[in-house]
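Could you put the whole structure together from the sequences, leaning on the hints where they help?
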Amino acid sequence: MSQLQSLIQLQETSEHLLNVQEMQFWLDKAVAWTQVDSPETQKDTCRHLSRLSVFLQQLVTHINNMSCSTETMKRLPFLGQFLGRLCWNPYVTADDTSRRWLFQCLWGLYSEHPSNPVERKANQWIRKIFCQLATDEDSVAAQAIMKHVDVPPKEYHLKVLKRMVTLLREDTGKTCTSLGNINQRCSCDNVLATSEACVPLVTCPEVAPLIGALLQRPTACVKSAVSENFLDALSSAYTSQGLSLDEQAVVSLWYHSLSSLEEAVLRLLESALTSTWSTPLKLEQHVAQSLLPKACAQHCSMFLVTNDIFRSTLKQAEGNDSVKSLIQAFTSCFLRELAMLQPQKRVPLKEFFPQSPQSLLVSLLTPPAEIPQKAWRHHLNWISGSLQRLTEEDEEGDRDGDSSGSTRLFEAWFLLVQCGHWVQVTVQLLVTSGPEDCGPLLWLLTFYHHPTNRGHHRALQLVHAKEVWDHLHSLFLALAHPLPVDRLQSLVTQLSPQPQQPQLSPLLILKLLVDFAVFFQQSLSISTEILQTVVDQSGLADEAVHVLHSLELELTKASCLSGDANRVHLRIKALQNTLTKKYGAWIPAEDQEPTCSRAGESAHGH
Amino acid sequence: MEAVLKNLRSTVELLAVAAQSGVVVQWDKQTLCRAFRWARYCEHVFSRFQDNPAVRDIMEKQLQLTNQSLRAALPRHSEVSFSDLSRCQHLLLVGLLNNPELPSSIMKILFDTPSPVNTNDEGFEDVTGLCSRIIHCKSACKVLGPLTDGADAEVQGAMLRERLGALLAQGSEPCRTEHFLESVLQGCAGAEEHFCLLIAAALLTPKNSETAAQDFLLDWLQKKHSMLQHMCSVLSDTILMDLAREHLKFRDAYYGLLKKWASDMEYSINDRTWVQSSTNPTVSFPKLTEHFLLLFKACPSVKENTEKELNDLKISDGDFDVRGLSVWGDLLSALN
Numbered sequence: 001m002s003q004l005q006s007l008i009q010l011q012e013t014s015e016h017l018l019n020v021q022e023m024q025f026w027l028d029k030a031v032a033w034t035q036v037d038s039p040e041t042q043k044d045t046c047r048h049l050s051r052l053s054v055f056l057q058q059l060v061t062h063i064n065n066m067s068c069s070t071e072t073m074k075r076l077p078f079l080g081q082f083l084g085r086l087c088w089n090p091y092v093t094a095d096d097t098s099r100r101w102l103f104q105c106l107w108g109l110y111s112e113h114p115s116n117p118v119e120r121k122a123n124q125w126i127r128k129i130f131c132q133l134a135t136d137e138d139s140v141a142a143q144a145i146m147k148h149v150d151v152p153p154k155e156y157h158l159k160v161l162k163r164m165v166t167l168l169r170e171d172t173g174k175t176c177t178s179l180g181n182i183n184q185r186c187s188c189d190n191v192l193a194t195s196e197a198c199v200p201l202v203t204c205p206e207v208a209p210l211i212g213a214l215l216q217r218p219t220a221c222v223k224s225a226v227s228e229n230f231l232d233a234l235s236s237a238y239t240s241q242g243l244s245l246d247e248q249a250v251v252s253l254w255y256h257s258l259s260s261l262e263e264a265v266l267r268l269l270e271s272a273l274t275s276t277w278s279t280p281l282k283l284e285q286h287v288a289q290s291l292l293p294k295a296c297a298q299h300c301s302m303f304l305v306t307n308d309i310f311r312s313t314l315k316q317a318e319g320n321d322s323v324k325s326l327i328q329a330f331t332s333c334f335l336r337e338l339a340m341l342q343p344q345k346r347v348p349l350k351e352f353f354p355q356s357p358q359s360l361l362v363s364l365l366t367p368p369a370e371i372p373q374k375a376w377r378h379h380l381n382w383i384s385g386s387l388q389r390l391t392e393e394d395e396e397g398d399r400d401g402d403s404s405g406s407t408r409l410f411e412a413w414f415l416l417v418q419c420g421h422w423v424q425v426t427v428q429l430l431v432t433s434g435p436e437d438c439g440p441l442l443w444l445l446t447f448y449h450h451p452t453n454r455g456h457h458r459a460l461q462l463v464h465a466k467e468v469w470d471h472l473h474s475l476f477l478a479l480a481h482p483l484p485v486d487r488l489q490s491l492v493t494q495l496s497p498q499p500q501q502p503q504l505s506p507l508l509i510l511k512l513l514v515d516f517a518v519f520f521q522q523s524l525s526i527s528t529e530i531l532q533t534v535v536d537q538s539g540l541a542d543e544a545v546h547v548l549h550s551l552e553l554e555l556t557k558a559s560c561l562s563g564d565a566n567r568v569h570l571r572i573k574a575l576q577n578t579l580t581k582k583y584g585a586w587i588p589a590e591d592q593e594p595t596c597s598r599a600g601e602s603a604h605g606h
Numbered sequence: 001m002e003a004v005l006k007n008l009r010s011t012v013e014l015l016a017v018a019a020q021s022g023v024v025v026q027w028d029k030q031t032l033c034r035a036f037r038w039a040r041y042c043e044h045v046f047s048r049f050q051d052n053p054a055v056r057d058i059m060e061k062q063l064q065l066t067n068q069s070l071r072a073a074l075p076r077h078s079e080v081s082f083s084d085l086s087r088c089q090h091l092l093l094v095g096l097l098n099n100p101e102l103p104s105s106i107m108k109i110l111f112d113t114p115s116p117v118n119t120n121d122e123g124f125e126d127v128t129g130l131c132s133r134i135i136h137c138k139s140a141c142k143v144l145g146p147l148t149d150g151a152d153a154e155v156q157g158a159m160l161r162e163r164l165g166a167l168l169a170q171g172s173e174p175c176r177t178e179h180f181l182e183s184v185l186q187g188c189a190g191a192e193e194h195f196c197l198l199i200a201a202a203l204l205t206p207k208n209s210e211t212a213a214q215d216f217l218l219d220w221l222q223k224k225h226s227m228l229q230h231m232c233s234v235l236s237d238t239i240l241m242d243l244a245r246e247h248l249k250f251r252d253a254y255y256g257l258l259k260k261w262a263s264d265m266e267y268s269i270n271d272r273t274w275v276q277s278s279t280n281p282t283v284s285f286p287k288l289t290e291h292f293l294l295l296f297k298a299c300p301s302v303k304e305n306t307e308k309e310l311n312d313l314k315i316s317d318g319d320f321d322v323r324g325l326s327v328w329g330d331l332l333s334a335l336n
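Residue numbers (UniProt numbering), protein chains in the order written: chain R, 1 to 606; chain B, 1 to 336.
Quick caveat, the hints were computed from the structure, so don't treat them as lab data.
Each hint should be verified, as a subset may be incorrect.
In silico DSS-like links for lysine-lysine, alpha-carbon gap of 27 Å or less [stated by the list, open to error]:
hint, chain 1, residue 1, chain 2, residue 2
1, R, Lys147, B, Lys6
2, R, Lys128, B, Lys108
3, B, Lys142, R, Lys128
4, B, Lys29, B, Lys6
5, R, Lys121, B, Lys108
6, B, Lys308, R, Lys147
7, R, Lys147, B, Lys260
8, B, Lys260, B, Lys308
9, B, Lys108, R, Lys74
10, R, Lys162, R, Lys174
11, R, Lys282, R, Lys581
Partial pick of chain B residues on the chain R-facing surface, computed with a CB cut under 8 Å [unchecked claim]:
hint, residue
12, Glu79
13, Ser83
14, Arg87
15, Val94
16, Leu97
17, Cys131
18, Ile134
19, His136
20, Ala140
21, Ala151
22, Arg163
23, Val184
24, Cys188
25, His194
Not close to chain R: a few residues of chain B, all C-beta gaps over 10 Å, as computed [to be verified]:
hint, residue
26, Trp27
27, Ser132
28, Phe216
29, Met227
Beta carbons are placed, not taken as given, at the ideal position from N, Cα and C, and that holds for glycine.
As structure tokens, this is what we get:
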């Protein structure tokens with residue numbers, strides 16, 4: 001025998017031994033579960049169900065790797081006994097995953113072409129087990145009723161199951177009667193046992209109403225807590241999308257189980273960061289569908305957890321615009337859900353944002369639509385002034401070695417990120433500002449893109465921002481062709497990565513450029529040409545389209561019905577069309593808008 | 001009608017083939033789906049014509065003919081009656097699973113994990129995972145069973161009552177309806193206690209519907225004395241009280257039974273108490289007292305009349321105030 005062969009055999013033996021040890025553990029369990037039918041053994045089964053299905057899955061692989069059933073039975077002599085016992089354990093056969101792997105184990109033992117009496121006997125045994133599982137009836141009364149009342153067994157069992165679920169749901173729905181006295185019997189007594197029994201049934205649609213009732217039961221007394229196993233089973237079923245619960249039950253699941261809430265938030269983050277959302281509207285729809293904004297509006301504690309995750313993600317990915325977009329979309333959905341709640345169920349805003357500077361809270365969280373358009377500039381100037389004061393205090397505190405100021409400043413910036421709608425308005429107002437009143441707005445925009453005064457560059461960045469603004473202002477003032485090529489080129493340069501620090505955020509410049517193209521009183525053709533030339537040359541067309549979409553969404557939400565609104569929307573459409581025609585792949589077909597001329601015609605029609 | 005009868009014959013033949021012939025070796029998923037579709041068809045035929053005696057008769061005759069010819073070809077053929085048609089899919093399934101020739105590929109389809117969308121293009125239920133779904137449902141009942149007392153008896157009771165209601169609405173003869181009840185009772189042999197729960201459930205839920213069926217059941221109980229006796233000795237206090245409160249007929253029968261139990265008692269000098277000799281299962285004197293108290297609690301209005309009647313019976317026994325002479329006198333003092 002070669003060395004390699006003996007090595008392989010040794011490995012096989014150790015693998016084999018490992019299996020035998022684990023096999024013994026599970027065999028002991030299977031025996032214990034069937035020997036005593038007590039609440040303890042049931043609980044033990046439920047506690048081990050998920051591990052058991054993992055083991056059964058390994059067993060399937062193991063069995064399938066064997067050459068034939070004779071070999072399997074020789075290697076694992078107790079396999080038949082083990083599987084047989086599990087087949088008659090309703091907790092195991094009720095659980096979709098365990099049952100699936102259990103049956104696969106049985107089929108693994110089945111020989112399509114039995115070559116000896118042992119294999120033939122095994123085949124017979126497997127057929128018999130399957131037949132009995134599907135057709136045997138334990139209760140004579142059930143049999144008699146089915147026979148004489150002409151009810152098919154499938155229908156009968158479904159009816160009994162539904163009745164059981166109804167009865168248990170009614171029990172679960174009863175209010176606590178113990179009045180806090182632990183020794184007194186109350187309707188909560190069965191909650192734990194019922195939730196424990198539901199562990200194998202979490203994916204069963206018929207049981208969903210009971211699961212919902214268990215989750216939504218008010219925690220009135222100490223006995224009303226649901227089992228941890230139950231919550232774990234629900235969380236993992238929810239993650240693998242095997243759950244058929246209604247919205248409110250899912251919210252309650254998060255309320256009961258912090259880990260499942262965290263997982264849901266992380267999943268949302270991941271989906272928002274990994275997939276490209278063609279438009280901000282789609283991202284917002286996706287966020288709303290996650291149910292998280294609704295859940296957070298109902299439960300302040302859930303909002304705090306969610307916000308904490310966002311906060312630390314934002315800290316780690318400081319400049320990541322996808323994270324910012326997600327947080328903005330989330331906050332906007334959250335505020336909408338909060339507004340839809342009945343006033344008596346609504347928790348005051350400051351409890352949702354305990355760490356944010358309270359003086360800024362209301363001003364920033366109020367959506368632009370709720371403030372007259374004429375007051376926007378004043379509103380934003382005030383916000384900018386407050387933030388400037390905060391930064392000055394912070395920087396002073398920094399010099400004195402006090403770090404609480406920087407935390408406070410971060411919280412202020414975090415709030416500004418959450419309320420991105422005001423940043424949008426800032427850019428829009430900058431277009432219509434004169435050189436004398438653009439200062440506070442420019443400061444706010446620069447702070448949003450460059451929150452830290454790293455290297456004490458804030459002053460310099462502000463100068464840059466002002467230069468860009470001046471540049472755009474004079475560029476869009478140009479009345480006729482040809483466009484000043486050198487000026488366009490200098491914009492392109494500013495938008496490209498530059499070696500010298502500090503560089504002004506290209507996104508800041510791009511937003512200003514787009515907003516100038518949309519809002520500046522300049523002919524559409526010239527505006528389009530400026531925008532197109534610059535984004536083409538700097539390779540930022542995708543980003544520009546994205547900014548246009550965000551702008552469109554915010555304007556729709558703010559529902560500015562000024563006489564100007566229609567013109568603005570048409571301009572946005574036209575600009576989008578020009579940019580996307582060239583980069584058609586960016587937008588899916590359903591989003592493709594009519595061409596400029598057709599949009600113009602329809603405008604005449606109105 | 002001709003076509004329906006022809007289809008019935010073919011489907012019954014199909015059932016026989018599925019259960020007993022080696023032909024199933026050649027079955028594939030498509031054959032399997034078609035077979036179940038025909039079985040479902042027969043279930044529809046059943047529900048469509050079960051309340052139509054004329055059509056039922058014609059179909060019974062057709063089934064007899066088919067059964068005869070099948071028995072000639074397949075000696076182990078088990079007959080299919082009209083009412084069996086209601087469970088045609090189940091019969092097909094049982095036949096297939098017990099047929100040693102059934103290919104394992106077909107079994108694997110039946111025991112596969114059901115797909116989340118279990119209807120195919122034609123709107124029919126998919127056979128994939130059919131058994132898996134049944135096992136899942138049965139297991140779920142077993143898991144929740146220990147937590148819900150009597151949910152199965154409730155469902156069975158409701159089914160029984162609905163069937164009784166249907167039989168009565170058809171105007172079928174009382175003896176036929178009684179025969180139906182007797183066959184259910186016989187089917188429940190060995191589970192008499194459960195049968196009591198079943199009857200109680202049929203009488204208790206839901207209110208205001210199928211009163212005809214409930215009346216019929218109550219009359220049957222009055223005639224079926226041993227059954228009533230059994231019910232009163234095994235059912236829980238709560239159920240007995242609910243029954244007495246809900247149904248005057250039951251209350252009277254219950255009262256009558258308690259009096260009968262008392263009159264059957266003899267005083268045992270050795271045990272210094274009243275004991276029963278004839279009834280089975282026996283009821284002790286304290287238990288009898290409890291039953292009377294239970295009846296009074298359920299229907300307070302009964303109390304006065306009962307005491308008066310017991311007193312009359314005591315007087316007829318000589319009206320002695322000595323223990324052990326009159327069961328009525330001793331009952332009266334125990335009740336007070």
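Verification of the hints:
1. Lys147/R to Lys6/B: holds, 25 Å
2. Lys128/R to Lys108/B: Since the Cα atoms of Lys128/R and Lys108/B sit roughly 14 Å apart, the hinted pair holds (cutoff 27 Å).
3. Lys142/B to Lys128/R: Given pair Lys142/B, Lys128/R holds - Cα atoms ~21 Å apart, limit 27 Å.
4. Lys29/B to Lys6/B: OK: Lys29/B and Lys6/B at ~24 Å, within 27 Å.
5. Lys121/R to Lys108/B: Satisfied, since the Cα-Cα distance of roughly 19 Å is no more than 27 Å.
6. Lys308/B to Lys147/R: violated, 48 Å
7. Lys147/R to Lys260/B: violated, 36 Å
8. Lys260/B to Lys308/B: holds, 17 Å
9. Lys108/B to Lys74/R: holds, 25 Å
10. Lys162/R to Lys174/R: Holds. Lys162/R to Lys174/R sits at ~19 Å (cutoff 27 Å).
11. Lys282/R to Lys581/R: At roughly 21 Å apart (the allowed maximum being 27 Å), Lys581/R and Lys282/R satisfy the hint.
12. Glu79: violated, 14 Å
13. Ser83: Result: holds, 5 Å to nearest chain R Cβ.
14. Arg87: holds, 5 Å
15. Val94: holds, 5 Å
16. Leu97: With Cβ-Cβ at 4 Å, under 8 Å, it holds.
17. Cys131: holds, 4 Å
18. Ile134: holds, 5 Å
19. His136: holds, 6 Å
20. Ala140: holds, 5 Å
21. Ala151: OK, holds: Ala151/B within 8 Å of chain R, min 4 Å.
22. Arg163: This interface hint holds because 5 Å falls under the 8 Å limit.
23. Val184: Nearest chain R Cβ about 5 Å off; hint holds.
24. Cys188: Holds: closest Cβ of chain R sits about 5 Å from Cys188/B, inside 8 Å.
25. His194: holds, 5 Å
26. Trp27: holds, 15 Å
27. Ser132: violated, 7 Å
28. Phe216: holds, 15 Å
29. Met227: holds, 14 Å
In this structure, the hints that do not hold are numbers 6, 7, 12 and 27, in rising order.
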